[in-house]
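Given chain A, put chain B in place with the hints provided.
Protein chains: 2
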Amino acid sequence: MKNNDEKEVQNPITKRDEDFSEWYHDVIKEAGLAEYSPVKGCMVILPHGYAIWEIIQKVLDDKFKATGVENAYFPLFIPEKFLTKEKDHVEGFAPEVAVVTHAGDKELEEKLVVRPTSETIMYDTFSRWIRSYRDLPLLINQWANVVRWEMRTRMFLRTTEFLWQEGHTVHSTQEEADERARMMLDIYRDFSENFMAIPVITGVKTESEKFAGALRTYTCETMMQDGKALQYATSHNLGDNFAKAFDITFLDENNETKHAWQTSWGLSTRSIGALIMSHSDDSGLVLPPKMAPIQVVIVPVIPKEWDKDMVMEEVKSVYDLLSDYGIRAKIDDRDFLSVGEKYYHWERKGVPLRIEIGPKDIANGKFVAVRRDNGDKNRIDFSGADESVKKLLSEIQDTLLKNAQDRIKENTIFVDNWDEFEKAIESNKFVMAHWDGTKETEDEIKEKTGATIRCVPFSVEEEKGKCVYSGKESGTRVLFAKAY
Amino acid sequence: MKNNDEKEVQNPITKRDEDFSEWYHDVIKEAGLAEYSPVKGCMVILPHGYAIWEIIQKVLDDKFKATGVENAYFPLFIPEKFLTKEKDHVEGFAPEVAVVTHAGDKELEEKLVVRPTSETIMYDTFSRWIRSYRDLPLLINQWANVVRWEMRTRMFLRTTEFLWQEGHTVHSTQEEADERARMMLDIYRDFSENFMAIPVITGVKTESEKFAGALRTYTCETMMQDGKALQYATSHNLGDNFAKAFDITFLDENNETKHAWQTSWGLSTRSIGALIMSHSDDSGLVLPPKMAPIQVVIVPVIPKEWDKDMVMEEVKSVYDLLSDYGIRAKIDDRDFLSVGEKYYHWERKGVPLRIEIGPKDIANGKFVAVRRDNGDKNRIDFSGADESVKKLLSEIQDTLLKNAQDRIKENTIFVDNWDEFEKAIESNKFVMAHWDGTKETEDEIKEKTGATIRCVPFSVEEEKGKCVYSGKESGTRVLFAKAY
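These protein sequences, in sequence, are chains A and B.
Okay, so the first sequence: first residue is -11 according to my numbering, each after it adds one.
Okay, so the second sequence: first residue is -11 according to my numbering, each after it adds one.
Only chain A is shown next, with the shape it has when bound in the complex (with noise of 0.2 Å):
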């Protein structure tokens, strides 16, 4: 048996352009991020993988807070009638909820669901909150887990328990609610670009495609590398839609009994599937520097026993030295792993950068930190290394931002006619085309090439054209692509 230096290791991961999806499963499997539970769609989220959802709730919720928002928790069950107060919302979500009948060995008078989101239960109780204009903008947010029934599950992206944010806001005029969605949006956009190193489009949905019971719904639209598109975040702009189903009403500075205006939005663990699909590579995860539960791992290199103290002596300095200035490291000390195996097995978990030190290393005053984004190898002085490794993992998020956006530039495409339209969204393009604004086109676009309509993207300007589709009158290009 070869010894663990030499062995060769037969990498785990399926290539992506061999499956896409074997892949991503592979990546999350190899990284420790997650695996399937025994209770069908519902998944274990392991340390590694919850560590980023932790550094996604730290940075959220103080952005969230920053403008007001106070968090709260309302109840896991919602009675069933309530679910029924507003058609939409009931229509959308009544096929999916799992039902509690049976609780301390009793039937249920009245049959409890498993919320799969808030709306409801929260705005029964917001009704009786809410007197006056004073009470209002009402601005909640929850941290919670919520259950929907999903026939196909794929980790992260869709399993039939999630854990999410939901926040609702509720205001005195329809302005100032539409504003708090698009406030919300650009948190979420703000968040993607800056933190997950994850370009969106921002823009609004359809008729069909808008949240269940919402006036409008805005929406963050991204490109993963297979060129497929996935929903990271929506913000809805309800109206008074359920306002006037659960009677949220105010006295407004006239005394005149009003009807509320709401919003809703939410972010979840899908987001983390994102972050996987846009960075990683074959041989594992890759992780933006600011998402990195480890930013940096720390590798004694120790060939013979008696430079173990020195090394370790230096190791334990710059592991200090690193951790003072607020970078999150890690010094991999473990005795019954090689180098080698090392390396292999924090590349997989995505570690942006791992610094090697050695008595070779130590004699030269400079120590060798790969980059896991691009292999690259970087001598870095002892002296000065905490700026130096932060400079280093900076531009590692800004490499991981201008590859993504690059993606998205290159594979976003300008289509006028119906063939070129078929072409590219069988090659898993972003299609900016026409369209009529009807929901027979869109949904026969659908069933004939898998695309849906991503969003109306603020971005694009008016433009008189025709339907790629019916070649009806079209006032605008709308962002076709498939979807996860």
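Hints are supplied without guarantee of correctness; some may be wrong.
Copies of the same chain look alike in the list, so a pair counts if it works inside one copy or between any two.
[What the hints assert, rightly or not] Result set (BS3-like, lysine-lysine): computed pairs, CA atoms no more than 25 Å apart in a straight line:
#, residue 1, residue 2
1, Lys73, Lys28
2, Lys46, Lys278
3, Lys53, Lys330
4, Lys330, Lys232
These are computed hints drawn from the structure, not numbers from a lab.
These figures come from a predicted structure and were not determined experimentally.
Only chain B this time, still in chain A's reference frame:
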């Protein structure tokens, strides 16, 4: 109608000595901590209550992680057959579980239980994770919601759904598992005393009071203002009971297959109930500064409109000074409430320190700071206010702990005969008495007096004596009390 300044406010809070239980609910309502929801036995945790939970999460999470614990997330649902694998466990929990029988419009082939606790779903998974001694110890925690169908509920103390953390660890030796269980109990004790200002009595539960499936349950017990005990947090040495039921084995260093040893430990939103009942008074909530989402409220006093700019400028400068010093401060600049109404508002919410700043204070170079815990007014120099306020907050923290310590001391008595025992329990004392160690005696004492054995405190010394009920031999005193 009287104007706001003159309006006498009817205290909406029942007095403690009139009806302690009503007082408790009034405090929760008036402080805006929680309210009952439309779902039987479930509550809505309001922003002020949830902000306390966030502080609890932050403090404990850091302490757990410092001992090597990692967070993960396991499914909400548990296949019914899992629950039955450990026989004591299923007996303990089966009668109070909620069951999902239908999902996605269909009847499920196997019923799913909503987790009342996660030993079974986690340990089934752990059995696949653990192969060798190198995989141990496994130290996992999760922050989650759990559901136990309770007949009689009380906000925070006993609700159908509640939030908690549950830690689950696996070890290669029984000694290490016991050490871990004790270590986590000590974290709870430290947190309770040094953050919540709640002194606890730590010890071991009796066989009938221990966790369903545990070998041994360690507990933190504390005394509420009415003299009743509240179990604050527990930590279980599970022995190898679950390891055998779920086949969690590992290869030891000699390549022999062994069953692993486990612990689980939890603290829930129930601890907020303890916080409320420990410190609050007839005017509402009282919070120790370390647990207060808002530690200092600054109320501008503006007798004349032309003073406004000058006062607000000073108010903001004090606010900045305190915030920069890490103090959680808030300015109440609402213009539709009188100064008196603001004082009243923040008093009920338990803000530890109220600062009043008006033109006279500014002229004198000192402002008034009023302590919530004892009403003391302190005159504080504007210059150096950050340190003075921090010192005051620290004094409040100490005073609350001291008061609670005195209460336990004064109300704990040693009793050696049955008449005194009955009287002492009747008047809600903590009673240290000899017990013969049998379940029969424990049950009969409970039946006759309502008192349970809270624990065998670690602090008691061996002492020969006669059981207070049966007269039989006893080697140590145990703690009896009525409990929540």
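Hint check:
1. For the identical chains of this complex, lysine 73 and lysine 28 are inter-copy neighbours only, at 19 Å across copies versus 30 Å inside a copy, given an alpha-carbon limit of 25 Å.
2. Taking the shortest Cα distances, lysine 46 and lysine 278 sit within 25 Å of each other both inside one copy (12 Å) and across copies (20 Å).
3. For the identical chains of this complex, lysine 53 and lysine 330 are inter-copy neighbours only, at 23 Å across copies versus 40 Å inside a copy, given an alpha-carbon limit of 25 Å.
4. In this assembly of identical chains, the alpha carbons of lysine 330 and lysine 232 never lie at most 25 Å apart, being 59 Å within a copy and 33 Å across copies at closest.
Going through the hint list in order, the structure does not satisfy hint 4, though it satisfies all others.
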